[in-house]
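Enquirer: One point on numbering: in our numbering, the residue at position 80 of the sequence shown is 80, and numbering is uninterrupted.
Because the hints were derived from the structure by calculation, they are not lab data. Be aware that a few hints might be false.
Quick list of simulated restraints, FRET-style, between CB atoms [as the list claims (entries may be wrong)]:
| id | residue 1 | residue 2 | range |
| --- | --- | --- | --- |
| 1 | G333 | K106 | 18 to 24 angstroms |
| 2 | G126 | H58 | 21 to 27 angstroms |
| 3 | G224 | K51 | 20 to 26 angstroms |
In silico EDC-like pairs for lysine to aspartate or glutamate, Cα to Cα no more than 16 angstroms straight-line [stated by the list, open to error]:
| id | residue 1 | residue 2 |
| --- | --- | --- |
| 4 | K154 | E170 |
| 5 | K218 | D239 |
| 6 | K133 | E329 |
| 7 | K34 | D142 |
| 8 | K167 | D79 |
| 9 | K154 | D239 |
| 10 | K371 | E432 |
| 11 | K228 | D202 |
| 12 | K232 | E256 |
| 13 | K458 | E426 |
| 14 | K96 | D79 |
| 15 | K129 | D5 |
| 16 | K51 | E413 |
As the structure is a prediction and not an experimental result, all values here were calculated from the model. Beta carbons: idealized from backbone N, C-alpha and C, even for Gly.
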Amino acid sequence: MSQYDLVVIGGGPGGYVGAIKAAQLGLKVACVEKRGSLGGTCLNVGCIPSKALLQSSHLYEEIAHHAEEHGIKATAKLDLKAMIARKDKVVLDLTKGIEGLFKKNKVDYIVGHGTITGANEVTVNGKDKLSAKNIVIATGSDVMPLPGVDIDEKKIVSSTGALTLEKVPEHLVVIGGGVIGLEMGSVWRRLGAKVTVVEFLDRLCPGMDTEIAKQFQKVLAKQGMEFKLGTKVTGAKSDAKGVTLTMEPAAGGAAETVKADVVLVAIGRRPYTDQLGLESVGITLDKRGRIPVNGHLQTAVPSIYAIGDVIEGPMLAHKAEEEGVLVAEQLAGQKPHINYDCIPGVVYTNPEVATVGKTEEQLKEAGVAYKVGKFPFMANSRGRAVGQTEGLVKILADATTDRVLGVHIIGPEAGGLIHECVLAMEFGASSEDIARTCHAHPTLNEAVKEAALATFAKAIHI
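Use the sequences and the hints to build the structure in full.
Expert: Encoded structure:
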């Protein structure tokens, strides 16, 4: 039986980062991953391939429809096979890169299904036993199914199938108005598909600041995306011609049918805990299928930890990474901490949407007195210069102390802009601190400075 200080089950962002960090801190580590390639859902069929396609489709749309605005006459011809191949190469290069990091840091990479067969034992593929002082469950999440809509990854696809369509559908229906559905819907809309988003709730992106979500919908609608909100999908039938969806108002009412070439089911994800052997060691899942943990990310069994999508919190790769590092540092005798109010979230459409901290709705519900500062990209000189003027920066600060409580951005490069606000919040900064920090001109970041000015005093350039 192989002996380890730590065995990590799952080689996604949380698992592989935690494994590497633990090895760097002197622990003997093994990572068990059944996929056959490291990086988990994020790298193989999630974050990375979707961003590769978002970038490629963005370039295609820019050349096809917007190059002439810059005095460039060009004709865009789509080679979808080459676009998909580029995406696949990006994924392959990165997965091999993680294998290289494992070798460099002396992490044992074991391909197979890991099952917990004791508080200090993991069995791989039902036969090979690993002894571990500690175990980390980092098995991530899987696609949430929708009753009555059977995914075949051909005509009715999950986010995985949406990454490998062989041709651009004439009509793509996206079930679910969240991040995944809107990102993949944007890819295929840019490449020529008609895209209809069907969402059970009466708004997009639940959990997002309402003002930002409303503007986000307006921007996407302006780009050509159509929406059926407050609508429930009750069934789907596939035939040679496509898919017929049956739907009805969520509040009740007459049913209707919609025809599509391809249907993307993107109603969310659920923790992946299949055949882990949790019950055999006394670990019981909560009502949402998650593994309960304490503040140190320990399960009911002190030697077994859980991180990432299998526990409470946003299903984000970077959240899982931070948790993997936290566990590794704890096992090495350190005292790390994660501020869950400072974990950013980004939607990689165009414009991007990025957020950190509290929304206005959350502050109102908590009874926190706050003030708001906003600044539109229409008034930002760099936004004007690059031709990206939609959106705004919105900062929420405590009414008494001026401490920044939340920042919400819809606009160009929002995913990059949010990080100065994340850092500010980590250090307990006020909106005045951000406003009095010199920002280079002309940059998009000046919109953050101006929003901060508007929060504690008055913006200058509007």
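Enquirer: Now tell me if each hint is right for this structure.
Expert: Cross-check of the supplied hints:
| no. | hint | result |
| --- | --- | --- |
| 1 | G333 <-> K106: 18 to 24 angstroms | 20 angstroms, holds |
| 2 | G126 <-> H58: 21 to 27 angstroms | 46 angstroms, violated |
| 3 | G224 <-> K51: 20 to 26 angstroms | 21 angstroms, holds |
| 4 | K154 <-> E170 | 15 angstroms, holds |
| 5 | K218 <-> D239 | 34 angstroms, violated |
| 6 | K133 <-> E329 | 15 angstroms, holds |
| 7 | K34 <-> D142 | 14 angstroms, holds |
| 8 | K167 <-> D79 | 10 angstroms, holds |
| 9 | K154 <-> D239 | 11 angstroms, holds |
| 10 | K371 <-> E432 | 12 angstroms, holds |
| 11 | K228 <-> D202 | 9 angstroms, holds |
| 12 | K232 <-> E256 | 10 angstroms, holds |
| 13 | K458 <-> E426 | 24 angstroms, violated |
| 14 | K96 <-> D79 | 26 angstroms, violated |
| 15 | K129 <-> D5 | 14 angstroms, holds |
| 16 | K51 <-> E413 | 13 angstroms, holds |
Going down the numbered hints, you'll see the structure goes against 2, 5, 13, 14, while the others check out.
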